[in-house]
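Asks: The listed protein sequences derive, respectively, from chains A and B.
The numbering used here applies: residue 1 is where the first sequence begins, and numbers increase by one.
The numbering used here applies: residue 1 is where the second sequence begins, and numbers increase by one.
Among the hints, erroneous ones may be present.
A few chain A positions that, by computed beta-carbon distances, are all more than 12 Å from chain B [to be verified]:
1) Met1
2) Leu56
3) Glu95
4) Gly122
5) Glu127
6) Gln134
7) Ala147
8) Ser152
9) Arg153
10) Asn205
11) Leu238
12) Tyr257
13) Ile260
14) Phe268
15) Val281
Straight line, CA to CA, 20 Å or less: simulated EDC-like cross-link-like pairs of lysine to aspartate or glutamate [unchecked claim]:
16) Lys82/A to Asp207/A
17) Lys155/B to Asp164/A
18) Lys105/A to Asp207/A
19) Lys155/B to Glu184/B
20) Lys210/B to Asp239/B
21) Lys155/B to Glu165/A
Label-pair distances were calculated between CB atoms; the ranges are [unchecked claim]:
22) Ser57/B to Ile84/A: 25 to 33 Å
23) Gly28/B to Arg151/A: 35 to 43 Å
24) Gly28/B to Trp284/A: 41 to 49 Å
25) Glu186/B to Ala147/A: 39 to 47 Å
26) Gln288/A to Val111/B: 51 to 59 Å
For the record, the hints were derived by calculation from the structure and aren't laboratory data.
Even for Gly, the Cβ is constructed at its ideal location relative to N, Cα and C.
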Amino acid sequence: MSYIVSILELGGLNVLLALSVYATLKVGQFSLAQVGFWSIGAYGAGMLTTLYGVPLGPALLVCGAVCAVIGILLGYPCLRIKGIYLALATIAFSEVVRVFFHNFKHQVERAGKLVGPDASLGFRGIEVQTAWPQILVAVVVVVCVFAWIERSRLGLSANAVREDETAAACAGVNIVALKVGMFAFGAFVAGVGGGLYSTYISFVNSDNFGFHLALISIFFVSVGGTERFYGPVIGAMLLTALPEVLRFAGDFRMVVYGVIVLVLMLLFPRGLADEARARAVAWWQARQLRTVERSGP
Amino acid sequence: MNDLLRVSKLSKSFGGLRALSEVSFSVGAGEIFGLIGPNGSGKTTTINLLTGILPPSGGSFWLDGVELSHARPEFIVRAGMARTFQNLRPFASQSVRDNVRAGQTIHCKSVFARFNAFTTDDEREMGREADALIRRFGLQERTDWPAGSLSYGEKKRLEIARALAMRPRVLLLDEPAAGMNPVELEWLMAAIREIGASGVAVLLVEHHMKLIMNVCHNIAVLNFGEMIAHGPPDAISCDPQVVTAYLGKVA
Chain A
1 MSYIVSILEL GGLNVLLALS VYATLKVGQF SLAQVGFWSI GAYGAGMLTT
51 LYGVPLGPAL LVCGAVCAVI GILLGYPCLR IKGIYLALAT IAFSEVVRVF
101 FHNFKHQVER AGKLVGPDAS LGFRGIEVQT AWPQILVAVV VVVCVFAWIE
151 RSRLGLSANA VREDETAAAC AGVNIVALKV GMFAFGAFVA GVGGGLYSTY
201 ISFVNSDNFG FHLALISIFF VSVGGTERFY GPVIGAMLLT ALPEVLRFAG
251 DFRMVVYGVI VLVLMLLFPR GLADEARARA VAWWQARQLR TVERSGP
Chain B
1 MNDLLRVSKL SKSFGGLRAL SEVSFSVGAG EIFGLIGPNG SGKTTTINLL
51 TGILPPSGGS FWLDGVELSH ARPEFIVRAG MARTFQNLRP FASQSVRDNV
101 RAGQTIHCKS VFARFNAFTT DDEREMGREA DALIRRFGLQ ERTDWPAGSL
151 SYGEKKRLEI ARALAMRPRV LLLDEPAAGM NPVELEWLMA AIREIGASGV
201 AVLLVEHHMK LIMNVCHNIA VLNFGEMIAH GPPDAISCDP QVVTAYLGKV
251 A
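Okay, chain A solo, but in the shape it has when bound (with noise of 0.2 Å):
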């Protein structure tokens, strides 16, 4: 049961973590940055509540906030450029934060240990705050908040603006504010997210946070979906649950992970959640359109 309980809040981490990438998508602006946010949020979290004592739900705050705050300082410039130039300029922000925690030491006497970030030996002993109730209360929490993004005008003019910018921006929709501010809004809920996790794992290590979580994080929008806020959450639960599954391949799980991620790309591009929409949909028009031909003129 413990076991299906620590697969069930590792994927509610990882859904927190594909949301955050999805607040991006979602004004069509492919972004990695949100691991170095995830990170920043670990650390940051891991700090606050192991060596200053602060309580776990404001510690969260303040981390999703100062990532926000850093989310609106990388977002803004980044308007400029689309792509695989942002994605490479958000890779490189998540770069630069690795390497920052990888030299980054602080540590601090608690109970006769000290405690804190050792550089590249990582930050150990962070005190356990987190489990399936937090998990399940953030993971609540954030979905909520797109589910309401998505009924909302906002959510229709982030749509817009993912699909045709410049007719978007015909539309009325203020460009820069809308990506600027979703930019900001994943970046705190990727500062949760990590502030969670550090909490959670206890100890966490740059090396952690480094292109292959980036590319996780993609891989559960994509496999998952982009077009609405169900489909990250499917491909992140997904995507947590397979290695499990997998187990009975022994040294070639990740081999078989692999193949399989492919596959379901391949068989499904939009996505499991948005194929299947836009397939339930089809059907519908065409149950629509034979009435409308049995009715006549």
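Start from chain A and add chain B according to the hints.
Replies: Below, chain B without anything else, positioned relative to chain A:
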């Protein structure tokens, strides 16, 4: 008619290429103004400048006395200028209704209304307005369809409906008749006349001479970025420069 849209010496260069050279004209409320010319004469460039997609290299334009020459597209839309696109650009994965609703967003009464996910009285009113526009453009059977799955003619109608949802004072139509069959063309003529009659100034960029000659009050002709003629349809159709630009000189 009082000038609602006034354009003065508007110019645009792309590197060494002069795409538009000191073009001036004005359009009054309720006037249907045609902008014609051969391919590459600067018609779409004019619309792109007027909607802020491209910054002008020179010249200015005013909407009801307010200069918008270097304003951002969203500001120009809020000032009352909406457009359609030559290459259709509906929001493909969104429903017909959401496409029209997207055009209405600028009329939300407050910024907070854009964050609201509940159905308020204002939203209900805007929903009724969107449905009326959808019916007016004959898309009521397609209300919940993704815009990408509509036929070409339906997408054209949707673009006009989305532009009208912005409640414009000036509507810029970029080749709305392209690819339309004769029945759809008749419908389009009636629709443009109706829009003009409601007091909206229409700037119509078009190659279709029947449409232009039938609906426009005034026409400007562009050739290689320069305005070579300007006047009512009868005068334009007999203008030797216009005939030469369109048909070439007799050898």
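Asks: All hints, please: hold or fail.
Replies: Tested hints:
The claim that Met1/A lies off the interface holds: its Cβ sits roughly 37 Å from the closest Cβ of chain B, which is beyond the 12 Å cut-off. Remark: the non-interface label on Leu56/A is consistent with the geometry, its nearest Cβ contact in chain B lying 28 Å away (cut-off 12 Å). Every CB of chain B is more than 12 Å from the CB of Glu95/A (nearest about 33 Å), matching its label as outside the interface. Annotated as non-interface, Gly122/A keeps its C-beta farther than 12 Å from every C-beta of chain B; the closest such distance is 40 Å.
Every Cβ of chain B is farther than 12 Å from the Cβ of Glu127/A; the closest lies at roughly 36 Å, confirming the non-interface assignment. Remark: the non-interface label on Gln134/A is consistent with the geometry, its nearest Cβ contact in chain B lying 26 Å away (cut-off 12 Å). With a closest Cβ-Cβ approach of about 8 Å to chain B, Ala147/A is found to fall inside the 12 Å limit, against its non-interface label. With 12 Å as the threshold on Cβ separation, the claim that Ser152/A sits away from chain B is violated: the shortest Cβ distance comes to roughly 5 Å.
A cut-off of 12 Å between C-beta atoms contradicts the statement that Arg153/A is not in contact with chain B; the least separation is 4 Å. Every C-beta of chain B lies more than 12 Å from that of Asn205/A, the closest at about 39 Å, which supports listing it as non-interface. Distance to chain B confirms Leu238/A as a non-interface residue, since its nearest Cβ pair spans about 22 Å, more than 12 Å. With a closest Cβ-Cβ approach of about 29 Å to chain B, Tyr257/A is found to remain outside the 12 Å limit, as its non-interface label requires.
With 12 Å as the threshold on Cβ separation, the claim that Ile260/A sits away from chain B holds: the shortest Cβ distance comes to roughly 26 Å. Look at Phe268/A: its CB is around 15 Å from the nearest CB on chain B, clear of 12 Å, so calling it non-interface holds up. With a closest Cβ-Cβ approach of about 6 Å to chain B, Val281/A is found to fall inside the 12 Å limit, against its non-interface label. At roughly 27 Å between alpha-carbon atoms, Lys82/A and Asp207/A are farther apart than 20 Å, so this suggested pair is violated.
Proposed proximity of Lys155/B and Asp164/A is supported: the alpha carbons are some 15 Å apart, at most 20 Å. Of the supplied pair hints, the one linking Lys105/A and Asp207/A holds, its CA atoms being roughly 15 Å apart against a limit of 20 Å. The hinted pair formed by Lys155/B and Glu184/B meets the criterion: a straight-line CA distance of about 12 Å does not exceed 20 Å. Among the hinted pairs, Lys210/B with Asp239/B is consistent with the structure: their alpha-carbon atoms are about 17 Å apart, no more than 20 Å.
Under the criterion of a C-alpha separation no larger than 20 Å, the hint pairing Lys155/B with Glu165/A is consistent with the structure, at around 18 Å. About 30 Å separates the C-beta atoms of Ser57/B and Ile84/A, a value consistent with the hinted range of 25 to 33 Å. Distance hint for Gly28/B and Arg151/A: a CB-CB separation of about 41 Å, consistent with the stated range 35 to 43 Å. Between Gly28/B and Trp284/A the beta carbon distance is about 46 Å. The supplied range of 41 to 49 Å therefore holds.
Distance hint check for Glu186/B and Ala147/A: the Cβ-Cβ separation is about 45 Å, which falls inside the suggested range of 39 to 47 Å. Checked against the hint of 51 to 59 Å, the pair Gln288/A and Val111/B fails, with Cβ atoms roughly 37 Å apart.
Violation of the numbered hints given earlier is confined to hints 7, 8, 9, 15, 16 and 26; the remaining hints are satisfied by the structure.
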